[in-house]
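**Q** Residue numbers (our numbering), protein chains in the order written: chain C, 15 to 194; chain D, 1028 to 1086.
The set of hints was computed from the structure by calculation and includes no laboratory data. Keep in mind that this is a model prediction, so the values were computed, not measured. All C-beta atoms in this analysis are idealised placements derived from N, C-alpha and C, irrespective of residue type, glycine included. Any given hint could be a false lead.
Claimed, not checked - In silico SDA-like links for lysine to any residue, alpha-carbon gap of 20 angstroms or less:
| id | chain 1 | residue 1 | chain 2 | residue 2 |
| --- | --- | --- | --- | --- |
| 1 | C | Lys172 | D | Arg1082 |
| 2 | C | Lys154 | D | Arg1082 |
| 3 | D | Lys1048 | C | Glu19 |
| 4 | C | Lys154 | D | Phe1079 |
| 5 | D | Lys1048 | C | Gly21 |
As the list claims (entries may be wrong) - If you only want the chain D side, here are some residues facing chain C, beta carbon under 10 angstroms, derived:
| id | residue |
| --- | --- |
| 6 | Phe1057 |
| 7 | Leu1066 |
| 8 | Val1068 |
| 9 | Gly1070 |
| 10 | Leu1080 |
| 11 | Pro1081 |
| 12 | Gly1083 |
| 13 | Pro1084 |
| 14 | Gly1086 |
Claimed, not checked - To list a few chain C residues with every Cβ distance to chain D over 10 angstroms, as calculated:
| id | residue |
| --- | --- |
| 15 | Val59 |
| 16 | Glu83 |
| 17 | Pro183 |
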Amino acid sequence: MAISETGVVQSERRWALAMAVVSVIFLTAILYAAIAQHLSPPSNVELIDPATIHVSGEFAEDNLGTRLEPEGGVVIRLVTTQFSFVPSCVVVPQDAPVTFRVVSPDVIHGIMVVGTNVNTMIVPGYISRVRTRFAEAGEKLMPCHEFCGLGHSQMIAKVRVVPVNEFKPDADGRAHCAEP
Amino acid sequence: MDNQTREGVGDPAEFAAASAKLTDVPQGAFALAGTAVGLLVIGWLLVYFLIFLPRGPVG
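Can you make the complete structure from the sequences, with help from the hints?
**A** Here it is as structure tokens:
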């Protein structure tokens, strides 16, 4: 005797209920991360002319790198370009609010800081912004994760997280990676 | 095709045997699908709690 039509419908209902429960578990976890843990995909829409990035303004060469902001926290300004990061090493204080602001003058790049949730694409014409906080001191690698050309595999930078008492910005609020 | 029944099985005994086997099919399918989905959910939750959350805030 084959399974009855009622049995099929009943089993499909049970399976649908199981899938609904799984969906609710995933959705709850995502909402908990976003609301309680402040973990959400970086989203920022700020336009910038990729042809004049380096000439003046926020991403002029002398304004790049780590800077302690007057209102607290640290802002890191980076230019990603084929095939390097400018600057290629940044220093940040441990367990302090950090904001990355990154642009590209040429093609699409991407950054990820290994071992953290920092991960975003850098699209020419837009300023990518990622806010985070590094709980552990140490040196972390930050490779380009978006294939950007033949030198892509050589495009890598470092984020040096130092204890707060070792983070010593100059009078201008800027901090640089000390030589290892 | 001429001698086959509406179920596509010629011999009634064979048809009965096939029907008996089909009775168990949903149980096996549910066991397989349930195990696969269960492992997926467990894996997802392990990554979520052991890797994603400890890596700290981002936004």
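**Q** State for each hint whether it applies.
**A** Tested hints:
1. A threshold of 20 angstroms between alpha carbons decides the hint, and for Lys172(C) with Arg1082(D) the separation of about 17 angstroms falls inside it, so the pair holds.
2. Taking the CA atoms of Lys154(C) and Arg1082(D), the gap is near 13 angstroms; set against the 20 angstroms cutoff, the hint holds.
3. Proposed proximity of Lys1048(D) and Glu19(C) is supported: the alpha carbons are some 16 angstroms apart, at most 20 angstroms.
4. Proximity of Lys154(C) to Phe1079(D) is assessed by CA-CA distance (about 17 angstroms); at most 20 angstroms being required, the pair is judged to hold.
5. Between Lys1048(D) and Gly21(C) the alpha-carbon distance is near 16 angstroms, which keeps this suggested pair within the 20 angstroms criterion.
6. With 10 angstroms as the threshold, the beta carbon of Phe1057(D) comes within range of chain C, its nearest partner Cβ sitting at about 7 angstroms, so the hint holds.
7. Contact between Leu1066(D) and chain C, as hinted, is not supported at the beta carbon level, the nearest pair being about 12 angstroms apart and thus beyond 10 angstroms.
8. With a least beta-carbon distance of about 6 angstroms to chain C, the hint placing Val1068(D) at the interface is held under the 10 angstroms criterion.
9. About 12 angstroms separates the beta-carbon of Gly1070(D) from the nearest beta-carbon of chain C, more than 10 angstroms, and the hint is not met.
10. Below 10 angstroms, beta-carbon pairs count as interface contacts, and Leu1080(D) has one with chain C at about 6 angstroms; its hint therefore holds.
11. About 8 angstroms separates the beta-carbon of Pro1081(D) from the nearest beta-carbon of chain C, less than 10 angstroms, and the hint is met.
12. Given hint, Gly1083(D) at the interface with chain C, holds; its Cβ is 5 angstroms from that chain's nearest Cβ, closer than 10 angstroms.
13. Checking Pro1084(D) against chain C by beta carbon gives a least distance of about 4 angstroms; that is within 10 angstroms, so the hint holds.
14. Because the smallest distance between the Cβ of Gly1086(D) and any Cβ of chain C comes to about 5 angstroms, under 10 angstroms, the interface hint for this residue holds.
15. Every C-beta of chain D lies more than 10 angstroms from that of Val59(C), the closest at about 14 angstroms, which supports listing it as non-interface.
16. Every CB of chain D lies more than 10 angstroms from the CB of Glu83(C), the least distance being 17 angstroms, so the non-interface label holds.
17. The Cβ of Pro183(C) sits about 23 angstroms from the closest Cβ of chain D, beyond the 10 angstroms cut-off, so the non-interface label holds.
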